[in-house]
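Student: Quick mapping for you: the protein sequence lines, in order, are chains A and B. Counting from 1, one number per residue, gives the positions in the first sequence under UniProt numbering. Counting from 1, one number per residue, gives the positions in the second sequence under UniProt numbering.
Among the clues, some could well be false.
Said to hold, decoys possible - Ranges of calculated distance between the beta carbons of each label pair, as one might list FRET restraints:
| hint | chain 1 | residue 1 | chain 2 | residue 2 | range |
| --- | --- | --- | --- | --- | --- |
| 1 | A | Ala72 | B | Ala74 | 16 to 24 Å |
| 2 | A | Pro131 | B | Leu158 | 34 to 42 Å |
| 3 | B | Leu158 | A | Asp58 | 50 to 58 Å |
| 4 | B | Asp57 | A | Ala78 | 41 to 49 Å |
| 5 | A | Ala80 | B | Glu79 | 16 to 24 Å |
| 6 | A | Pro131 | B | Arg47 | 50 to 58 Å |
| 7 | B | Leu159 | A | Gly133 | 29 to 37 Å |
| 8 | B | Gln35 | A | Pro131 | 44 to 52 Å |
| 9 | A | Ala3 | B | Ala74 | 44 to 52 Å |
| 10 | B | Asp116 | A | Asp65 | 22 to 30 Å |
| 11 | B | Arg203 | A | Pro102 | 56 to 64 Å |
Stated by the list, open to error - Computed cross-link-like contacts, DSSO-like style, restricted to lysine-lysine with a CA-CA straight-line distance of at most 30 Å:
| hint | chain 1 | residue 1 | chain 2 | residue 2 |
| --- | --- | --- | --- | --- |
| 12 | A | Lys99 | B | Lys151 |
| 13 | A | Lys101 | B | Lys151 |
| 14 | A | Lys85 | A | Lys67 |
| 15 | B | Lys201 | B | Lys151 |
Stated by the list, open to error - A few chain A residues facing chain B, derived, Cβ under 10 Å:
| hint | residue |
| --- | --- |
| 16 | Ala45 |
| 17 | Arg76 |
| 18 | Pro77 |
| 19 | Trp105 |
| 20 | Gln171 |
Just so you know, the hints here were simulated from the structure itself, not pulled from any lab data. C-beta atoms are modelled at their ideal positions from N, C-alpha and C, and glycine is treated no differently.
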Amino acid sequence: MTAITHHIPDPLLAAYAAGNLPAPYALVVATHISMCLECRAAFDAHQAAGGVVLENIDQEPLSSDLKSSTLALLDRPAPAKPTYKRSGVFPGPVMEVLKGKPPKWKSLGLGVRQSILSSGPAGSARLLYIPPGQAVPDHSHNGLELTLVLQGSFSDSEGRFGVGDLEVADQDVEHTPTADEGAPCICIAATDAPLRFNSFVPRMLQPLFRI
Amino acid sequence: MLYANTDIDTVDRPPIPGPRKGKAQVTKASQDLSQQTTWMLAVRDARDQAAFAALFDYFAPRLKGFIIRSGAGAGQAEEIVQEVMLTVWRKSDQFDPARAQVSAWVYQIARNKQIDVFRKEQRPLPEALTQDPEADPDASQIIALEQEAGKLRQALALLKPDQRSVIEQAYLGELSHQEISTQTGLPLGTIKSRIRLALEKLRHELKEIR
Ligand SMILES: [Zn+2]
Numbered sequence: 001m002t003a004i005t006h007h008i009p010d011p012l013l014a015a016y017a018a019g020n021l022p023a024p025y026a027l028v029v030a031t032h033i034s035m036c037l038e039c040r041a042a043f044d045a046h047q048a049a050g051g052v053v054l055e056n057i058d059q060e061p062l063s064s065d066l067k068s069s070t071l072a073l074l075d076r077p078a079p080a081k082p083t084y085k086r087s088g089v090f091p092g093p094v095m096e097v098l099k100g101k102p103p104k105w106k107s108l109g110l111g112v113r114q115s116i117l118s119s120g121p122a123g124s125a126r127l128l129y130i131p132p133g134q135a136v137p138d139h140s141h142n143g144l145e146l147t148l149v150l151q152g153s154f155s156d157s158e159g160r161f162g163v164g165d166l167e168v169a170d171q172d173v174e175h176t177p178t179a180d181e182g183a184p185c186i187c188i189a190a191t192d193a194p195l196r197f198n199s200f201v202p203r204m205l206q207p208l209f210r211i
Numbered sequence: 001m002l003y004a005n006t007d008i009d010t011v012d013r014p015p016i017p018g019p020r021k022g023k024a025q026v027t028k029a030s031q032d033l034s035q036q037t038t039w040m041l042a043v044r045d046a047r048d049q050a051a052f053a054a055l056f057d058y059f060a061p062r063l064k065g066f067i068i069r070s071g072a073g074a075g076q077a078e079e080i081v082q083e084v085m086l087t088v089w090r091k092s093d094q095f096d097p098a099r100a101q102v103s104a105w106v107y108q109i110a111r112n113k114q115i116d117v118f119r120k121e122q123r124p125l126p127e128a129l130t131q132d133p134e135a136d137p138d139a140s141q142i143i144a145l146e147q148e149a150g151k152l153r154q155a156l157a158l159l160k161p162d163q164r165s166v167i168e169q170a171y172l173g174e175l176s177h178q179e180i181s182t183q184t185g186l187p188l189g190t191i192k193s194r195i196r197l198a199l200e201k202l203r204h205e206l207k208e209i210r
């Protein structure tokens, strides 16, 4: 496996560590950290900074019984919560959204497929499956788009992106990611706005197809 | 009660603790560690309730201040404080002092809980890197990390008030990623390299047990 060369920009990582990144981006960032020791270390460093802030914050006096009532709860069993492990090319955070099941792909034509993971006011996250040599339909977006490669690779005007690489494209970038030869390219992409495709599907149909 | 055993001899203490059968050795070498780390290891390795109570006394008033700063009322803040501290107790096996200060670990739990309560959503989290329970705890790494965190604390204290308040805002989750500049003013490079070393070691160990 080739080394990861495109990492998470630090402001995104800081906002993620502080819990202030819109959910679709947070999913992509958590997925990248699951694949990248470099960014995991940077994430941990931001947590260290957050910890120092916590240590220095103005303290608030507690109700007198808070400690005793907390200690009294120590023997209660913890609520069980399922944890999701990596499955195939999908790291744990993706499997968590998929609830442990394989993705449900929908065709976008020409062999390109997508599986929407989440879609709402905070933006959307989806998986994309792009056969070799095939382009993701030319699209632009309102805000920031994060695309993380899980299998294969793609190239566009910004460079080549292999497994683990994260492309960060702001609204000025009108890029045409094209899957390289080899294995089909699978990636996870997130935006903070509904995608506006320039081709394939007329814009008026977008709400119907949720793309 | 390993934690209560504070009168350990200073003479033939091994510089790096041996394999933790019963996970006890790391606390033996712990007089160089901060109190918080010592307490947390006693909670993790010996389920020591007295150590937990000490952690509660240290963190709960800070957590309450932190959560009120984020906009909660006093009553709700205390509910969250309690949940955070219970998570500290229940998930203590995930605490790895080679990679995180206790405060860093508690900070993340607090932020997760706040997102849970205020936004009604679960923050996506990276896959946990499980520790090999047979691996030697590396006291020198733990101490080195504590020193780096100490430097971070000093750096924060030395900042001008307006700079410090920007950093507080950022880590309280009051700034968006667009508002966080690339220069936060905190020197995170060295602590990051330190953690990176611990992660490399962990990955190496995990490969060996597979
Ligand atoms: Zn990275």
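Student: Each hint: holds or not?
Tutor: Do the hints match the structure? See the list:
1. Restraint check, alanine 72(A) to alanine 74(B): a C-beta distance of roughly 21 Å satisfies the suggested window 16 to 24 Å.
2. Our hint of 34 to 42 Å for proline 131(A) and leucine 158(B) is violated, since their Cβ atoms are close to 55 Å apart.
3. In this structure, leucine 158(B) and aspartate 58(A) break the distance hint of 50 to 58 Å, their C-beta atoms being roughly 19 Å apart.
4. Here the CB-CB span from aspartate 57(B) to alanine 78(A) is close to 22 Å, at odds with the stated 41 to 49 Å.
5. Between alanine 80(A) and glutamate 79(B) the beta carbons are some 21 Å apart, a value that agrees with the proposed interval 16 to 24 Å.
6. Distance hint check for proline 131(A) and arginine 47(B): the Cβ-Cβ separation is about 54 Å, which falls inside the suggested range of 50 to 58 Å.
7. The hint said 29 to 37 Å for the Cβ distance between leucine 159(B) and glycine 133(A), and at roughly 52 Å that hint is violated.
8. Against the hinted window of 44 to 52 Å, the Cβ-Cβ separation of glutamine 35(B) and proline 131(A) comes to about 58 Å, which falls outside the hint.
9. At roughly 50 Å, the beta-carbon separation of alanine 3(A) and alanine 74(B) lies within the given 44 to 52 Å, and the hint holds.
10. A beta carbon spacing of about 24 Å between aspartate 116(B) and aspartate 65(A) agrees with the range 22 to 30 Å that was offered as a hint.
11. For the hinted restraint 56 to 64 Å between arginine 203(B) and proline 102(A), the CB-CB distance of approximately 27 Å leaves it violated.
12. In summary, the hint linking lysine 99(A) to lysine 151(B) is not supported, as the alpha carbons are separated by about 42 Å, beyond the 30 Å threshold.
13. With a CA separation close to 45 Å, the supplied pair lysine 101(A) and lysine 151(B) exceeds the 30 Å bound.
14. Of the pairs offered as hints, the one joining lysine 85(A) and lysine 67(A) is violated, with about 35 Å between alpha carbons and a cut-off of 30 Å exceeded.
15. At roughly 23 Å between alpha-carbon atoms, lysine 201(B) and lysine 151(B) fall within 30 Å of each other, so this suggested pair holds.
16. Hint on alanine 45(A) holds. Least Cβ distance to chain B is approximately 4 Å, under the 10 Å limit.
17. Proximity of arginine 76(A) to chain B holds as hinted, the smallest CB-CB distance being about 8 Å (cut-off 10 Å).
18. Here the hint on proline 77(A) is kept, as its CB sits about 9 Å from the closest CB of chain B, short of 10 Å.
19. Hint on tryptophan 105(A) is violated. Least Cβ distance to chain B is approximately 21 Å, over the 10 Å limit.
20. Interface restraint check: glutamine 171(A) against chain B, minimum CB-CB distance 12 Å, threshold 10 Å, status violated.
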